[in-house]
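**Q** Listed below are the residues making up each chain.
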Amino acid sequence: MSDRVREILSWYSHRNAGVRTSLYRMLMHGRIGGTGKMVILPVDQGFEHGPLRSFLPNEPGFDPAYHPQLALDAGCNAFAAPLGFIEIAADKFGGQLPLILKVNSHDVLHDDSDPIPAITSSVADALELGCSGVGFTIYPGSEMREEMYEQLREVIEETHSVGLAAVVWSYPRGEDLQKDDETAVDIACYAAQIAAQMGADIIKVKPPKKHVAQSANAKVIEETGASIETLADRVRLVIKSAFNGTRIVIFSGGAKGSDENVLDEIRGLAEGGAFGSIMGRNAFQRKHDDAVKLLHKVMDIHTGSGK
Amino acid sequence: MSDRVREILSWYSHRNAGVRTSLYRMLMHGRIGGTGKMVILPVDQGFEHGPLRSFLPNEPGFDPAYHPQLALDAGCNAFAAPLGFIEIAADKFGGQLPLILKVNSHDVLHDDSDPIPAITSSVADALELGCSGVGFTIYPGSEMREEMYEQLREVIEETHSVGLAAVVWSYPRGEDLQKDDETAVDIACYAAQIAAQMGADIIKVKPPKKHVAQSANAKVIEETGASIETLADRVRLVIKSAFNGTRIVIFSGGAKGSDENVLDEIRGLAEGGAFGSIMGRNAFQRKHDDAVKLLHKVMDIHTGSGK
Amino acid sequence: MSDRVREILSWYSHRNAGVRTSLYRMLMHGRIGGTGKMVILPVDQGFEHGPLRSFLPNEPGFDPAYHPQLALDAGCNAFAAPLGFIEIAADKFGGQLPLILKVNSHDVLHDDSDPIPAITSSVADALELGCSGVGFTIYPGSEMREEMYEQLREVIEETHSVGLAAVVWSYPRGEDLQKDDETAVDIACYAAQIAAQMGADIIKVKPPKKHVAQSANAKVIEETGASIETLADRVRLVIKSAFNGTRIVIFSGGAKGSDENVLDEIRGLAEGGAFGSIMGRNAFQRKHDDAVKLLHKVMDIHTGSGK
Amino acid sequence: MSDRVREILSWYSHRNAGVRTSLYRMLMHGRIGGTGKMVILPVDQGFEHGPLRSFLPNEPGFDPAYHPQLALDAGCNAFAAPLGFIEIAADKFGGQLPLILKVNSHDVLHDDSDPIPAITSSVADALELGCSGVGFTIYPGSEMREEMYEQLREVIEETHSVGLAAVVWSYPRGEDLQKDDETAVDIACYAAQIAAQMGADIIKVKPPKKHVAQSANAKVIEETGASIETLADRVRLVIKSAFNGTRIVIFSGGAKGSDENVLDEIRGLAEGGAFGSIMGRNAFQRKHDDAVKLLHKVMDIHTGSGK
Amino acid sequence: MSDRVREILSWYSHRNAGVRTSLYRMLMHGRIGGTGKMVILPVDQGFEHGPLRSFLPNEPGFDPAYHPQLALDAGCNAFAAPLGFIEIAADKFGGQLPLILKVNSHDVLHDDSDPIPAITSSVADALELGCSGVGFTIYPGSEMREEMYEQLREVIEETHSVGLAAVVWSYPRGEDLQKDDETAVDIACYAAQIAAQMGADIIKVKPPKKHVAQSANAKVIEETGASIETLADRVRLVIKSAFNGTRIVIFSGGAKGSDENVLDEIRGLAEGGAFGSIMGRNAFQRKHDDAVKLLHKVMDIHTGSGK
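Chains as they are written, first to last, in my numbering: chain H, 24 to 330; chain L, 24 to 330; chain S, 24 to 330; chain F, 24 to 330; chain W, 24 to 330.
Heads up, a few of these hints could be off.
The list treats identical chains as one, so a pair stands whether inside a single copy or across any two.
Think about it this way: if two alpha-carbon atoms lie no more than 20 Å apart in a straight line, the pair counts; the simulated EDC-like pairs of lysine to aspartate or glutamate are [stated by the list, open to error]: (1) K202 to D134; (2) K316 to D204; (3) K310 to E246; (4) K115 to E177; (5) K229 to D204; (6) K242 to D204; (7) K115 to E30; (8) K279 to D26; (9) K229 to D199; (10) K115 to E294; (11) K310 to D96.
Worth flagging that the hints you see were computed from the coordinates, not collected in a lab.
Using the sequences plus the hints, can you model the full thing?
**A** Listed below in structure tokens is the structure:
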């Protein structure tokens, strides 16, 4: 175990040995294992956005086995997906890479102003499939958030009780949030704080924008002179909001963009102290070899060996 | 066991032996057993549409025992129906043909813009009645879909745990979908993907139309040049969306039409690689012998011995 | 056991011996026991309509013990009521006549456009009280019907598991049904079909009127030339819709009317093959001896010994 | 045991010995024990109306121990209150007077057009606290009544199973009832009937007014010539509606009024055959000695020793 | 044990020894242990208001470990927070100061006119973390209050059964309450009464304002001449409303204000007989040493050693 991983795990001393073992497996696995940084491949877009817009850009992606193979080839720390995909990943690649089962899912076939995902699998499924982590999405801002938080707490409690790590996608969304507010820096900080308070071990948020959504936060930012100018500045605040940097916070990669745009954003995240990235569409919608190359560059920036 | 059935079952290696045995029974049963194709007789219209419009066109159909006899006479792979009918089919024809118990049902006595069927029987009922499969309908697109998905996941988990096969009717419907959208190619693909991600073993969808419902999908179809021109083209996309063709996808037969119209559609399905058909009204609303003849022609087209 | 009762019970061969024993008890009891016809006294109007309009017309009816005595005196096949009344009937007349506990109830103190009754007692209560049957009301057509069907399925499953008979009041009602539609012939057929599919042993519907509610049904009636002209014609269709006449279907008596009007309707029911009547207000709102006389005439018409 | 109490208990022969023992304890306790009449002190107004308007008029009432002492001093048959008060009453006066735990409560901090109380304690609490009865409020007329009835049935079943008496506050209320309708004679009768059908042992209703709320009831009252002129007439109808006088029906005392107004109403109740009163604000909002005097007069009128 | 603590505990004689032990621990701990007064540090604002406005004013507050250290340094009676913070407090300071786990939480990311917090942890969590108390927030006045009361009752029952103390934040809020009404004296009294009736051991309310929200209360205040002029007057009424002063009632400190404003309010509370304060933002948003000084002054005023 590297010193950095040992340090990170020390922040989780109140978790049982099983949870820390699961975190260890993800932190030590793959091309950047041991650096304390993580790059995870998530493929839940078939459910979340639909299969055509997700997989037509790179047709091998229709095959569930393609993705864990890509994660292995690129040396990602883990592969995350809903039940159907993880069943196949576990069957074909069991033990070869850490798996995260996303136990709730949402589609875009109905326009929900205040969405809540469906529970589509369970912690028991994750155990049977040999996973290291259990993934759960919350939408802070939705009128249904209270129900999601209660579901999340139950899932985390069970996840921890069986020695797995809880990975929380914390995506602000709901009728009282404008589109801009969803990635506002104060809202991103809030999303990270809530996940941490609920017991998340790894927190996934979107890269925070310069916009501030709530006036009380704008006021305190002005009064205290806190800087939110650069992405790095904002990432720093998000990470502070996750228990002063003692929770692993990783950032999502967003829709497919050019290599340079993607890497620019990664540089900002890395400078702000992000623990890594969770990058789906920018990986599996590229040709296999291009995806591996891009993921390697992302890893290098996060670990400081690229820039 | 034929090679093709062996190949199909290999896609389900992550299911337990009981589930694979149940799939085997359906794949090997009847006139086209062993070809890897399936033609199933479903009779849930008494509940779903009402008895008069369902059975007056061919009055012997009022008798629950008529339908499993028809399935036997035509050599169908299985018979699917709600509890009341299956209780009688199991009592009179137990063991003679594979049965699929539909455990949820919906009627048309109330105009539900966002429908959800009622749970009207259970996996335990299916076991007691000697069934090989458990059927469940979801309406992706309904505001109630999250609840349906959660019910479905529970049903599939229990179905698999007792070694039965999970058969999912995935019918997009809901206030945010126009009538045309319900059979749009992108929505049909989405419906197949969701069922597969939830753990369905056999997926039933409607034949996809050329219409594309969501602009993001229209865009990606245009950009990638994916063909949706013919029914066969569209069926291919649906089957790709069901884990790249590694899930059994069958197509519904729709309202009663002329023999030629019915068979034309079957030809398109077969050309696109459909695993078969599930044909109710076009079977039981015809006179017995006409129904048997038509079903045989459908089977022949699917297996390639007719055209 | 008479041949007719033996024949009727043969339709229930898929039920356990306990259920068939309970049906036997009701079919063999009372003045027309053994004929295969049933006349049941139901007294749920105290709850469903209120005590004043129910019992002021014949004040002895305020006394819970009055009604089972009336059922005994008239030789009815069974007495049906909610918990409070059955507790007293069982205490005073236990074993002397078959009892049916109605386990859900609805009042008219709130105007529910889409009603659902409350669960007011249980199958366990029915067992403790020595009942032969469990009664349950559904309102097909109500937006709440899915919930009712799920409740009904649970009640029927438990009822059968303890060897009692399931008696279903299937009364179409709801905001999408016009007042006329509630007794339309196609809707009555639909109501009978749903109850049968759910596992009902005895089905109670209202006498069907000549009105057809749904255009798809009007069309098929016209195309097939099915006759709905006389009450007898319509009753025949309802009984066909209950698994081709293999479920016991009885008809409700409605509000208090003149003897002749009541008996006219009974003649139509009998001619159409009804299995009997369930007659409350026309019995207990008459003076005791008048009620006995009328009930005897009803029985005679159903068994063919009167006309 | 007095003959009258023996007679009353004979109406409950279908209840177990435990329930009859609990009824016996309340019927035999206090100043009018053995007469078959009951005067109960209820103090739930702190929760139902708020502490200031309830206890400022007689400040010792802020003290939870004041009320059971008052009930003892006046020789009431029982003391009824929510959990917080009963915990203290049981602790200080355990065994000295029968206690009734009100297990649901409602406040006036939100204007509910269709109210439902919260479940605030349990039958298990009642047992631990040595209570003789369990109190439950229903609002027939509320859109939420179905849920209340289901809760009530569960509570009564459990109450009876542990040998306690079920005391039901049946207070019509809801958006479809005008203010006047809540105490209309037909609605009061209906409220009593529903409670009786649900299994209530003691039923509390408000004194019925001459108003008739539902036209069907007005019609039957006119046709049958039933008298509703005097309070006594109306009380007689309410008591008839509670299983022809075989359930204990007591009447609430309402807001604080002058001694004469209070006693006038009691005379009407007594003349109509009421089994007693349940009087809160007219007791605890008077000075202690005035309250005792008034309660004694109420008792004397009910037992016929005063007028 | 001091005499005052012994007296306070005597009011809880109906609680088990475990609950009284937990109360004892909090009453005897810290700088003012044994005086019968309590000053508690609560830090739930990261969840309730968001991390930026909560912790930017004093950045060390981002660190979860900062707060229990502050509570220890100032000699507070207890530290209260949601799960994430308590997990760290328990891990680092276990046994050194009494902990209160807040088991429900609410955020401000959606504008709920009738709010209800989410259940975010459990009594079992409190036990595992070595807590002395379980905290729960109710919003009397919310349309959802019935559900909250039912949750609260379950939590209190379980809390007491494992020997912990129940601490209730009773904050009137909801669409039928104007902003002013939330702190109106009659509403504050009502909030305290409800918490007491539900079984709360320690009740937290906001300092009551002179405003009276409900006309029935205004009337009774006028008629009885009850004084609500000074904060001390109003605090007296609130404490009377909590079972005549036999429940521990503490008051919240509100948003950050100047030292003098804060201390003025504390003087009013102390004069009215408050049992203490629960002060968050005025503590952790000041620099550490300023916070300790202010908390000491607050303690001194409550115990009468400052003014």
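**Q** Output the indices of the hints that this structure fails to meet, ascending.
**A** 2, 4, 8 and 10
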